[in-house]
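Under mature numbering (1 follows the signal peptide of the UniProt record, and there is no 0), residues -16 to -1, 1 to 442 are what the sequence shown spells out, in order.
Quick caveat, the hints were computed from the structure, so don't treat them as lab data. The reader is advised that the hints may include incorrect statements.
Unchecked claim - So the derived label-pair ranges between C-beta atoms look like this:
| id | residue 1 | residue 2 | range |
| --- | --- | --- | --- |
| 1 | I173 | S263 | 45 to 55 Å |
| 2 | K277 | P389 | 36 to 46 Å |
| 3 | L199 | K224 | 37 to 47 Å |
| 4 | P372 | K428 | 29 to 39 Å |
| 5 | Q235 | P363 | 37 to 47 Å |
| 6 | T74 | L178 | 21 to 31 Å |
| 7 | E440 | K224 | 44 to 54 Å |
Stated by the list, open to error - When the alpha-carbon atoms are kept at most 30 Å apart in a straight line, the in silico DSS-like pairs for lysine-lysine are as follows:
| id | residue 1 | residue 2 |
| --- | --- | --- |
| 8 | K217 | K30 |
| 9 | K428 | K79 |
| 10 | K217 | K180 |
| 11 | K266 | K277 |
| 12 | K277 | K27 |
| 13 | K248 | K217 |
| 14 | K324 | K266 |
| 15 | K135 | K30 |
| 16 | K129 | K79 |
| 17 | K238 | K27 |
| 18 | K428 | K343 |
| 19 | K204 | K217 |
| 20 | K135 | K180 |
| 21 | K129 | K30 |
| 22 | K180 | K224 |
| 23 | K180 | K30 |
| 24 | K370 | K27 |
| 25 | K277 | K238 |
| 26 | K132 | K79 |
| 27 | K165 | K180 |
| 28 | K224 | K248 |
| 29 | K204 | K370 |
| 30 | K266 | K370 |
| 31 | K277 | K204 |
| 32 | K180 | K248 |
| 33 | K277 | K442 |
| 34 | K180 | K129 |
| 35 | K165 | K204 |
| 36 | K224 | K324 |
| 37 | K343 | K370 |
| 38 | K248 | K238 |
| 39 | K79 | K180 |
| 40 | K27 | K204 |
Think of the CB as a built atom: it goes at the ideal place given N, C-alpha and C, for glycine as much as any other residue.
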Amino acid sequence: MKIHAIFTFSFAAVAAQQSVSDAFIYSLPAAEFVKTKLRLLIKVPKTYNSFAVNQPLLPNETFTAVVAPNVDTVYAAGLFDLRESPRLITVPPAKDSRYVVTDFIDPYGNSVFGFTTLENPNGGNYVLYGPATTDEEANEYAQVKNAKAIKFNTSDVLGLVRARHNSTDAQSAADFLSSYKAERLQFGIDEPRLLKLSTLLAQVALQGLSLQDILITPSKYSGSLQNSTIAWKWAFLGLKNVEPDSPASAQYVKTFESVIDEAKANSTFLTEIARQVPSIVKTIQAAALETGKQYGNGWSDTSDSIIGNFGENYLVRAAVAFSVYLALPPTMAIYYQTVKDATTGAPYSGSNEYQFTFKQLPPANGFWSITAYYGLGDPNYGFLIKNPIERFSIGDRTAGLIYNPDGSLTITVSAVQPANPSANWLPVGANRTFELFLRVYSPKPFISSFVPPAVEQK
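Sequences and hints are given; from them, build the entire structure.
Laid out in structure tokens, this is it:
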């Protein structure tokens, strides 16, 4: 029986609808990985089985490669294929007391291995290996190379390195990142990047997708029936190109394989399940807002979340991929987010002026910063906000901040620059919604006592 015909029967309809929802939620991170992989293979070709520093060094409002980009660090990325060979990664020792975060992530956003220069200032050698390599083989390589073997359950691995800068030394940070090295360990040569890219592009074309469709981020999936259909096509590509990360996940995928097969073969059914995307996205958005600790003043955080170690919690995994794909685990960074005025329940709007005061500065061993992004309902949701002074964040390295006599720090958030020079202005868009992200890198042990201040309308 065709699955789309089942919807006329109540019990079967509920089961079918649940399978549709499960399939979409499970595949969302995999779809985002395929898009990330395409971007890197096309725009930053040197990231293929190697590290390359992202350009531009400092993102601005035109940067849309990832949702909620961080403007406080210079990035290097590496896209590693472990199917053909394990990879030897050489991490240089820390230089000039620069704070750096090194993270190796699977396509679903799990942080499999990572560290900062605070706990590992000496760097080291690491053998990354996947399902194609046995533990014994990997350990032999590690012994020969004086390295530590790191096992991945997926064949694709993304390396992300974040180096702190202070706006004037971004190039110095980039130079340091350029000293990260990657080496193939097995005899032979890698499949050429262009061949791998052409294979993936052929799959994109077979799905009826274009490269322009990469720009349709998860926040836009429910914007129209066309976008919702495109979202499913990316989901299909994600499931085809990214293997499950555990036996439990492999079994879970089997529960909705019939939905995927039917949607691929039947355009009418694909349209039917595309109509369900808005309600599924609402479920994901709700999970994103509820992930982590709630403060009751509009803020939530990731201090007690499972970011970077999702296990079988596919909804939270999708929620993180939706709002801040490839986020760091709470041991490395805690993310605080506020999207709505706690008093009115409405999204923050650039038509108003807001203030908040840090009576206690965020307790970070690395650094802290607060960034404004376009907010709920905005077509540019999650991206940096264009503004006349090109300031996208305020943090502990922002030049010219004026502190109150008691040492506290007041920040003004508005579309119009305040006349008072001590306002410490964080610009947002006129008459457009916005949200705020506070990042605390390498949080201090007493971070649990820190409460982000309420954002109040003036």
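**Asked** Straight-line Cα separation of K238 and K27 no greater than 30 Å?
**Response** With a Cα-Cα distance of about 35 Å, the restraint between K238 and K27 is violated, given a limit of 30 Å.
**Prompt:** Between K27 and K204, does the CA-CA distance stay at or below 30 Å?
**Reply:** The given pair, whose Cα atoms are some 23 Å apart, holds under the 30 Å limit.
**Item:** Holds or violated: K224 to K324, with C-alpha atoms at most 30 Å apart
**Value:** violated (37 Å)
**Asked** Taking 30 Å as the top limit, are the C-alpha atoms of K248 and K238 close enough?
**Response** holds (16 Å)
**Message:** Does K79 sit within 30 Å of K129, going by the straight-line distance between their CA atoms?
**Reply:** This hinted pair holds, its Cα atoms lying about 23 Å apart.
**Item:** K277 paired with K442 [C-alpha distance capped at 30 Å]
**Value:** holds (27 Å)
**Prompt:** Between K224 and K248, does the CA-CA distance stay at or below 30 Å?
**Reply:** holds (12 Å)
**Message:** Would the hint linking K277 and K238 be met if the CA-CA limit is 30 Å?
**Reply:** violated (33 Å)
**Message:** Would the hint linking K428 and K343 be met if the CA-CA limit is 30 Å?
**Reply:** Roughly 17 Å between the alpha carbons, so the hint for K428 and K343 holds.
**Holds or violated: K217 to K30, with C-alpha atoms at most 30 Å apart** = holds (27 Å)
**Item:** C-beta pair Q235, P363: status relative to the range 37 to 47 Å that was hinted
**Value:** holds (39 Å)
**Request:** Assess, step by step, whether the Cα of K180 is no farther than 30 Å from the Cα of K248, and give holds or violated.
**Result:** The given pair, whose Cα atoms are some 23 Å apart, holds under the 30 Å limit.
Figure legend: structure checked against the earlier numbered hints; hints not met, in rising order: 2, 3, 12, 17, 25, 35, 36, 39.
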